[in-house]
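Visitor: Sequence:
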Amino acid sequence: MRTALKILIVENDTISALLLCHYLKFFGFCNCLLAATAEDALRVAEEERPDVILTEIILSGEMSGIETAKRILKKDDNAVIAFMSSCDDPKVMLEALKVSPAGYFVKPLKMNVIRELLESIDAGCCLPAFSIDEPYGILRGLNYEKK
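In the numbering used here, the protein residues as written are 1 to 147.
None of these hints come from the bench; they were simulated from the model.
The reader is advised that the hints may include incorrect statements.
[Unchecked claim] Straight-line C-alpha distance at most 30 angstroms; calculated DSSO-like pairs for lysine-lysine:
no. : residue 1 : residue 2
1   : K110      : K70
2   : K107      : K91
3   : K6        : K98
4   : K91       : K25
5   : K91       : K110
6   : K25       : K70
7   : K75       : K98
8   : K75       : K6
9   : K70       : K91
10  : K75       : K91
11  : K70       : K107
12  : K70       : K6
13  : K6        : K74
[Said to hold, decoys possible] Label-pair ranges, simulated between beta-carbon atoms:
no. : residue 1 : residue 2 : range
14  : L18       : R49       : 20 to 26 angstroms
15  : G124      : D89       : 20 to 26 angstroms
16  : K98       : K75       : 27 to 33 angstroms
17  : E95       : K75       : 26 to 32 angstroms
18  : K25       : L97       : 17 to 23 angstroms
Cβ atoms here follow ideal geometry from the backbone N, Cα and C, with glycine treated the same way.
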């Protein structure tokens with residue numbers, strides 16, 4: 001299955017970003033955009049209007065992925081954002097969930113869960129996707145409504 005879904009990957013680790021892009025292309029998501037910093041992400045999001053933004057929470061520079069998501073949503077309240085991070089701090093997770101993300105994925109990433117999220121978005125619906133190991137698994141069932 002090939003799809004025209006435009007996906008912005010915001011990841012400051014170049015190898016991780018390229019690997020994720022490679023996996024997504026394998027699954028048929030061939031239109032990947034990359035940004036290494038929050039500033040790059042804001043610029044690319046405004047210029048390219050991606051369908052989905054997958055962002056790391058911990059980014060180089062002054063701004064986190066959460067703050068980046070908030071700024072993107074101020075300009076485009078229909079933006080679909082999912083967080084990915086090695087951070088499993090419950091306080092950070094709760095702060096990220098206040099943004100109403102389409103997903104929250106704790107690294108190492110489970111590609112099948114990300115693929116399912118992207119397929120649901122491509123099909124015109126947005127089912128929430130969370131990949132959070134216990135004891136935070138209670139967050140998996142949170143409701144998400146697209147604005």
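Visitor: Hint by hint, note whether the structure agrees.
Guide: The hints, checked one at a time:
1. Using a Cα cut-off of 30 angstroms, the hinted pair K110 and K70 holds, with the two alpha carbons roughly 25 angstroms apart.
2. The hinted pair formed by K107 and K91 meets the criterion: a straight-line CA distance of about 17 angstroms does not exceed 30 angstroms.
3. As the CA atoms of K6 and K98 are separated by approximately 24 angstroms, the hinted pair is consistent with the 30 angstroms bound.
4. Distance restraint check for K91 and K25: the Cα-Cα separation of roughly 33 angstroms exceeds the 30 angstroms cut-off, and the hinted pair is therefore not satisfied.
5. Simply put, K91 and K110 have alpha-carbon atoms about 22 angstroms apart, close enough for the 30 angstroms limit, and the pair holds.
6. As the CA atoms of K25 and K70 are separated by approximately 27 angstroms, the hinted pair is consistent with the 30 angstroms bound.
7. Note on K75 and K98: the hinted pairing holds, with a Cα-Cα distance of about 17 angstroms set against a maximum of 30 angstroms.
8. For a cut-off of 30 angstroms, the pair hint linking K75 to K6 stands: about 18 angstroms separates their Cα positions.
9. Restraint check for K70 and K91: satisfied, since their Cα atoms lie roughly 17 angstroms apart, inside the 30 angstroms limit.
10. The suggested pairing of K75 with K91 holds, with an alpha-carbon distance near 26 angstroms, which does not exceed 30 angstroms.
11. At roughly 22 angstroms between alpha-carbon atoms, K70 and K107 fall within 30 angstroms of each other, so this suggested pair holds.
12. Among the hinted pairs, K70 with K6 is consistent with the structure: their alpha-carbon atoms are about 20 angstroms apart, no more than 30 angstroms.
13. This hinted pair checks out: K6 and K74 have alpha carbons roughly 20 angstroms apart, not beyond 30 angstroms.
14. A hinted range of 20 to 26 angstroms holds for the C-beta pair L18 and R49, which are about 23 angstroms apart.
15. In this structure the supplied range 20 to 26 angstroms is violated for G124 paired with D89, their Cβ-Cβ distance being about 34 angstroms.
16. For the pair K98 and K75, the beta carbons lie near 18 angstroms from each other, so the given range of 27 to 33 angstroms is not met.
17. Distance hint check: the CB atoms of E95 and K75 are about 20 angstroms apart, inconsistent with the given range 26 to 32 angstroms.
18. Checked against the given bound of 17 to 23 angstroms, the beta carbons of K25 and L97, roughly 29 angstroms apart, lie outside it.
Hint check: violations occur at hints 4, 15, 16, 17, 18; the rest are consistent with the structure.
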